[in-house]
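Modelling step: build the complete structure from the supplied sequences, incorporating the hints.
Respectively, the protein sequence lines represent chains A and B.
For the first sequence, the working numbering gives the first residue as 1, with consecutive numbering after it.
For the second sequence, the working numbering gives the first residue as 1, with consecutive numbering after it.
Only true hints are included.
Reference excerpt, derived from the structure (chain B facing chain A, CB under 7 Å, subset only):
| # | residue |
| --- | --- |
| 1 | 28 |
| 2 | 32 |
| 3 | 34 |
| 4 | 37 |
| 5 | 38 |
| 6 | 48 |
| 7 | 53 |
| 8 | 57 |
| 9 | 63 |
Treat the hints as calculated values from the structure; they're not laboratory data.
For every residue, glycine included, the Cβ atom is placed at its ideal position computed from N, Cα and C.
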Amino acid sequence: MATISIQMTQIPVNDTQKGATSTSGSLESCVEALRRGQDGALEALIQKTEKACFHLALSIIKDPELSKDALQDAYFLVFRRIGQLREPAAFKGWLFRIVSSCCHDIIRKRGQEIETDLEERNDLIGASEPGDPSREVPNRELLRSTFDKLPDQDRQALALREICSLSYQEMSQVLSIPVGTVRSRLAKARQRFIKSYRKEQNS
Amino acid sequence: MTQTPEFNIFCELLDEGESLENFTLTADQQLLVDLRQVLQEDTQTVALPSDFARQTAEMATSRLKELPVFDRWIDKSRVQLLDPLFKPSGLAKGLALVGLGGGIAALSMKALGVYGVLLLAFSALWLLREQNNGDFFLEFEQLAPHRARAANSLFYVIPALAVGAAAVLAASLLGVLARFSVSFREQDGGMLTGLQLLVAAGTVVLLVKALMPLWKACRARAANLGKLILFQSVHAAGFLGLAYLVSECIDSSATRFRSNYQPFQWELTFLPAMISIAVVWTLVIYVVYRNSPAVLNPPSLGTAGKAFLQSLLLSVGPIAIAMALFYQAHLTREIKDPSYEFILKDVQAWSAAQSAIPAELNGYAYLRPHEKDQVLRSLAEFHEKGPDSYRALDKTREALFQAQKVDFLIQLPRLEEALKLPYYSEVGVGGFRHQTLNSSFLTYRAVSYGLSLLAQEALANGDTDGFLDYVILGVRWAAKGEPGSSLQGVMKLTLLHIAVADLERPLAEGIFSQSQLNKLSSVLTEALPPSHELSDVMKREMVLTDTAFVELMSDGRVSWSELDMIGLPPIMSVLPLSYWESERKAYWNYELAGSSNWTALSNPYHEVEFNPMNVTSGSFSPNFRRMALEFCHLHSTMSALLIMTELERYRLGHGAYPSELASLPSEVQEKTRDFMDNKLLAAKGTFQYHKTQDGYSLESHSPWYDELQMESPRVYR
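Structure representation (C-alpha cells):
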C-alpha cells in the first residue's frame, strides 16, 4: 500500500489566475468594488472565479459550449443582483448557487438534447498535459469518464467538493440541503463512483 | 460496498484536508484520492478563452442596459425573491398549491385556515432563508448587532410588531372618529379606508424613520451575546407588559360600557396604547444606550437624532394631510330638507306650551321624587313570571308580599291624585334639556308591576271588579302624558305592555259583565297611542338632540363638562366648534331622510347605534328602531284586546260570538287603525277572525311584523 500526503487545493476562486491583468486584492474586495459599481470590477471578479465556475458547470452540463453559456448567464445575474447580496463573505456560495441554477435552467430548456462531447471537453481542459502533477495518476481517462457518467446529483456534489473546494456549510447553501445531508450525499456519491469504476475496469 | 465507519472517517479526513501520511490507504480510498487529483489538475489546465472575462463583463453590461426599467426596479427591490414563482416549474408548484387549497376548502374551511397558516409560515421561512443568502440557521456572527449590514431579520421582529401595532392603532383611531360622525356617512366608503391607510403609512414612516436609526445606534452598543439578549429581553418584556395592560383596559372598558358603547370604547383604548408603545420603545432604547459600553465605530447618535427630527417632519406631513382631509370630509354645509324648520317650529311650540303648564296643574310636578318612592318600588320584586306572578308565590313570599302591599296601598292615592290633574308633562317642569330625561324609570315600572300584582291577586280571589280597577289604574298610569323624547316613548310603551298583559286570559275566558266590558273598552280606546304618536316622538327626539347640540356649542365653545357627563370619549373634546356645527347639519339630513322612510328606519341595529341622538341623550337612550318595534307590538296587542272586548260585548248581547268581524258595530272598527298609515285594520285584513265550536280564534297579521322581524302571526283565542 502506498503512503501519500493529501494536498488540499484551497478554494480555487481565491487564487489569482496566471496571466490575469486586472485582478488585485481579495475576492471580497472585488465583491465590494462591484457593489459600489466600480469600473472593471465585474471583469476582475470573473477572472478570479471563472475557472472553478466553469468546471462546476461542466460537471453538471458536460457540454463545454453550453457551460460557457451558463457561465455568461450566471455572471449577468450576479451583475444584476449583487446589490441583494448582504454579506460579501457569503459570495462564493451565492455564486456557485447561481451557476448551478443557470446550468439546470439550460438543461431544462434543452431537455435530453445535451450530449457529452468528451473530445471537445478534453481539448478544453488539456487532460493529456496536466500541469506539473505531484505524481502520475494511473487510469486517468477511466477515472474521468467514470466521473462523467455518474448521476447528475452525485457529479454535482463531488464537483462542488473536489473542484470548487466548498465546505460542507457552503455546499449546503448551494444545494439547499442541510449539512448532514451534504455529508451523506458525498459519501454515497463516492461509493457509487468506486462501484462504477470497478465495473468499468472489469469490463 | 457499504458505508463502513472506516470509510466515513476517511471521507471526513479527506474533506477536512488532514494529512494522511500515516494512513494506509485501501485500493478504494486510493481511487478517491486519485479522482481528486485528476479533477483538480483538470481545473488547473482549463482552457477557457483568454478574453472570456472581458467578453462576459461587456456582454453583462450591455444586457443590463437593455433591460426594461421595470426589470431593473425588480432587481433593486425585494420582489426578485419571488422569481422562482415565475419560472415554469415554480408556476406549476404554485398552481398545485392553489389547487390543493381549493380541494381542502371544499372539505373544510377550518382545514383551509390551517393550510393557509402553514403556507404563510413556510413562505416566511423561505423568505428568511433567501434574505440570509440561502441559510436557514442564523448564527450569532450574522446577528452581531455591531455589524450594521448583518442579515438579522430576527432582530427586527419586535420593532416590526411595535410599528405594525402602532399603525393599526392610528388607523383605528380615525375609524373611531368616523364611527361617531353622522356626516361621514354621506361620504364615499372608500374614503375612510384610504385615509386610514394614509395615517397608518404615516405612522410607519414616523416610527421607522425616526426611531430606527436610534434603535440601530443603541443596538450597536450591545456588542456581545449577553447584552444582546438583555437588550431584546427588556424590549420584549416592555412590549408584552404593555399588551397585557391594553387587554386589561379593553376588558374593563367593555364591561363599563356594555350597554351601548362597547364597540367603539374597545377601539378607543388603542389611543393610550399607541402612545404607550412609542413611549416604552423610546425609553428602552434610551436605557440600553445609557447602560451599554461603546464599541468600535458605532453609528452616530447625533446623526440618528437628526434623522429623528427629519422624519418627524416627513411623517407628520402625511398625517396632517389625512386629518385635514378627514375634517374637510366632515363639513356638511347645509341642511338639505327644508322641513326641518317646520319640525323645529312645531316641536318648539309644543315644548313651549308644555313648559307653560302651571306646576299645580301638572301631575308630574305632583309626583316629583318623593321620600316614599322606595315603597312604590317594593312590590316589583314579586313580578317575575308575568301574568302568573301572583299564583307562583309560595307561602313565605305571599306573606312578605302582603306585608309590603300595605305600605304600597298607602302611597297609591298619591298616584291617583296626580293622574286626576289635567296635565302630566316632564317637559313642563324640567325644561327641554337632555339632563332632565333620565326620569325614574325603575320607579315608574315598579308601580306598574305592583298594580299588575294587585290585579292578579284580585282575579285569583274572584274579585273581577277589583281586578278591573287595578288594570284600569295601571293603564291610566302607563298612558299618562305625551312623551317628549324617545326615552319617554319607550317607557310609556313598556308600562302599557305590563298593564295590559293580565287582560288577555280573563277576556278569552269571558268572565266580565257588560258594564265591566263597557268600562274596559272605554279605557283601552283612550289609552291606545294615536297613530301619529310615533312620528311625534321621533320629531321631538330630533329637536331634543338638536337642542343638545346647540347647548353644547353655547358660549362659542363646546362644553367639555357636558360631553364628559354623557360619556363621550376624551378625543372628542379637542374637536373644533365647526365640527359640531357640521355634525348638527349632518344629523338633520340623516334623520330627516330616515324619518320619512320606513325602510331606512328599519335598518339593522348597528346603523343607528352610533346616532348622536344616543350620544347626546345619554348612554341609556333607546333608538328609533327599537321604539318602532315596541310601538308595533303594543299597538297590535291593544288593538287585539279591544276587539276581544267588543267580541265579548257582542256575545253577551247576542248570545253567541259573531260569524265575522264585520258584524261588530262600525264605531268599534273605527277604534282600530293602522299606526303607520292610519287605515282601518279591518279594511286591511290585519286581523283574521275564525269562529270555532267553543269560542273563536283571532290572528294578527300586521305587515310591520315582517319588517321588524317579529313573530307573526300573533294568535289570541
